[in-house]
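Given only the sequences and the hints, what does the whole structure look like? Please build it.
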Amino acid sequence: MTVRVQEADFDIGAELASLTAGNTAVGGLGVFVGLVRDVADGTGVSALTLEHYPGMTEKALEGIEAEARDRWPLEDTLIIHRVGRMLPGDNIVLVACTSAHRQAALDATTFLIDWLKTKAPFWKREETDQGERWVDARESDDQAAARWGAP
Amino acid sequence: MKLLYFAWVRQRIGAGTEEVTPPTEVTDVATLVDWLRARGPGYAEAFKDTRAIRCAVNHTYVEVDHPVAAGDEVAFFPPVTGG
Numbered sequence: 010m011t012v013r014v015q016e017a018d019f020d021i022g023a024e025l026a027s028l029t030a031g032n033t034a035v036g037g038l039g040v041f042v043g044l045v046r047d048v049a050d051g052t053g054v055s056a057l058t059l060e061h062y063p064g065m066t067e068k069a070l071e072g073i074e075a076e077a078r079d080r081w082p083l084e085d086t087l088i089i090h091r092v093g094r095m096l097p098g099d100n101i102v103l104v105a106c107t108s109a110h111r112q113a114a115l116d117a118t119t120f121l122i123d124w125l126k127t128k129a130p131f132w133k134r135e136e137t138d139q140g141e142r143w144v145d146a147r148e149s150d151d152q153a154a155a156r157w158g159a160p
Numbered sequence: 164m165k166l167l168y169f170a171w172v173r174q175r176i177g178a179g180t181e182e183v184t185p186p187t188e189v190t191d192v193a194t195l196v197d198w199l200r201a202r203g204p205g206y207a208e209a210f211k212d213t214r215a216i217r218c219a220v221n222h223t224y225v226e227v228d229h230p231v232a233a234g235d236e237v238a239f240f241p242p243v244t245g246g
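One line per chain: the protein sequences are A and B, in this order.
The opening residue of the first sequence carries number 10 in my numbering; numbering runs sequentially from there.
The opening residue of the second sequence carries number 164 in my numbering; numbering runs sequentially from there.
Rather than coming from a laboratory, the hints here were simulated on the basis of the structure.
Be careful, since some hints might not be right.
If the Cβ cut is set under 8 Å, some of the chain A residues that face chain B in the computed set are [what the hints assert, rightly or not]:
| id | residue |
| --- | --- |
| 1 | V12 |
| 2 | E60 |
| 3 | G64 |
| 4 | L125 |
| 5 | R156 |
| 6 | W157 |
No experiment lies behind these values; they were computed from the predicted model shown.
Glycine included, each C-beta is placed from N, C-alpha and C at the ideal position.
Structure below.
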């Protein structure tokens, strides 16, 4: 069970290898990687800056991870979320879950990113051809989180 | 009491953090917001539509009727957009 909030990029292959290393009870690994897109709502995006609430962010992510472990039989979980300024194509977030079987690993991974997007205190600011703007929360993200039910 | 502001709330107020000693009539998040609103145009602008703002007391999300007291860390911010 690992939560990291960091400015530095992460090596997806190395992170996943270390998540499964030495645990032969793992039969499935679910992974989600979020990246910076170069367009949002029809406007070109040249950079993205992620702000967070140090202390509360880590606590919120640990709470979400604990909830996933209550709901699914997981071997391990990993959440790495970057903060600071990023460019299109850069990694933003890595979420991974290991379990004996694929269904728990895949479902828990989807759950983690859905809840992270609506509960963990991060905020995105985009640099676009029309100036800078804060990204608005999306109702579709609330709906995605709500389908997993209440904590 | 330590106050923290993030994203456009921080930009409108013009500071990310401040120490305040509110008057005794400030007992919960709602009365704290009313008091903050009167502190200047940036505050009034930031708290214009409280439905657009979330609040956390000591790192836990709360509603506007949650009590606040000296020593608390109270944060105001827009709905989150990470991931």
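Check: Can you list which hints this structure breaks, lowest number first?
Finding: 1, 5 and 6
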